[in-house]
Amino acid sequence: MFERFGPLVFEPWLDRVADFGVCGEIAGGGQGGDQIAIAEPHRLITDPRGRFLGIELAPAIDRAITGQLHAIAHAAAALLATQTGYRGPFAMAAFVYRDGGVHHLHPLCELNARHTFGWIARGLSRRLGIRRLGFDAPPHAATVLIAPGDDRV
Numbered sequence: 001m002f003e004r005f006g007p008l009v010f011e012p013w014l015d016r017v018a019d020f021g022v023c024g025e026i027a028g029g030g031q032g033g034d035q036i037a038i039a040e041p042h043r044l045i046t047d048p049r050g051r052f053l054g055i056e057l058a059p060a061i062d063r064a065i066t067g068q069l070h071a072i073a074h075a076a077a078a079l080l081a082t083q084t085g086y087r088g089p090f091a092m093a094a095f096v097y098r099d100g101g102v103h104h105l106h107p108l109c110e111l112n113a114r115h116t117f118g119w120i121a122r123g124l125s126r127r128l129g130i131r132r133l134g135f136d137a138p139p140h141a142a143t144v145l146i147a148p149g150d151d152r153v
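Residue numbering for the sequence shown follows the numbering used here, beginning at 1 and increasing consecutively.
Just so you know, these hints were derived from the structure itself, not from any lab. Don't take each hint at face value.
[Claimed, not checked] Now the in silico label distances, taken between C-beta atoms and shown as ranges:
| hint | residue 1 | residue 2 | range |
| --- | --- | --- | --- |
| 1 | Asp-150 | Ile-120 | 24 to 34 Å |
| 2 | Gly-101 | Pro-48 | 31 to 41 Å |
| 3 | Thr-84 | Asp-150 | 43 to 53 Å |
| 4 | Thr-143 | Gly-67 | 44 to 54 Å |
| 5 | Ala-75 | Ile-146 | 34 to 44 Å |
| 6 | Val-144 | Gly-67 | 35 to 45 Å |
| 7 | Leu-14 | Asn-112 | 13 to 23 Å |
Think of the CB as a built atom: it goes at the ideal place given N, C-alpha and C, for glycine as much as any other residue.
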């Protein structure tokens with residue numbers, strides 16, 4: 001596996017307090033350069049193991065965190081555009097973790113140069129007016145193949 005895929009990276013488990021995502025888009029600006037649009041951050045709803053359960057749009061997020069997320073998203077988009085020539089939708093993920101009772105922002109843990117669930121949530125919000133998208137109880141008469149425990153894990 002190492003010969004085929006290269007190095008293996010281990011990351012320490014962090015006591016995550018909140019998960020966030022930021023959607024953006026890079027458009028070719030012609031002679032004026034690229035145009036980068038960054039949306040307001042959304043909150044990722046996760047289970048105790050950090051697995052994705054849903055998205056909350058327009059959550060109350062500390063302005064300092066929002067500012068840092070916007071700055072990192074803009075910098076990441078600029079690098080995508082200049083280093084790879086990418087144009088189109090992207091999204092990044094970030095989180096706040098607790099270490100010894102102190103909260104820290106990990107401003108970029110994932111960058112996706114594509115449409116993500118954050119984009120889907122935004123589209124559904126515009127179309128249906130919802131602010132929270134998640135996985136709830138299955139519809140009546142659905143066949144449940146794998147069910148979460150009482151803790152939703």
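State, for the Cβ atoms of Ala-75 and Ile-146, whether the hinted interval 34 to 44 Å holds or is violated. 39 Å, holds
Taking 44 to 54 Å as the stated bounds, is the beta-carbon spacing between Thr-143 and Gly-67 within them? 46 Å, holds
Check the following: the C-beta atoms of Leu-14 and Asn-112 are separated by a distance inside 13 to 23 Å. 20 Å, holds
If I claimed the Cβ atoms of Val-144 and Gly-67 lie 35 to 45 Å apart, would that claim hold in this structure? 43 Å, holds
Is the distance from the Cβ of Gly-101 to the Cβ of Pro-48 consistent with 31 to 41 Å? Violated, at about 19 Å.
Quick check: does the Cβ-Cβ distance between Asp-150 and Ile-120 fall within 24 to 34 Å? 28 Å, holds
Thr-84 versus Asp-150 beta-carbon gap, inside 43 to 53 Å or not: Check passed, 45 Å falls within 43 to 53 Å.
The structure does not agree with numbered hint 2 stated previously, though it agrees with all others.
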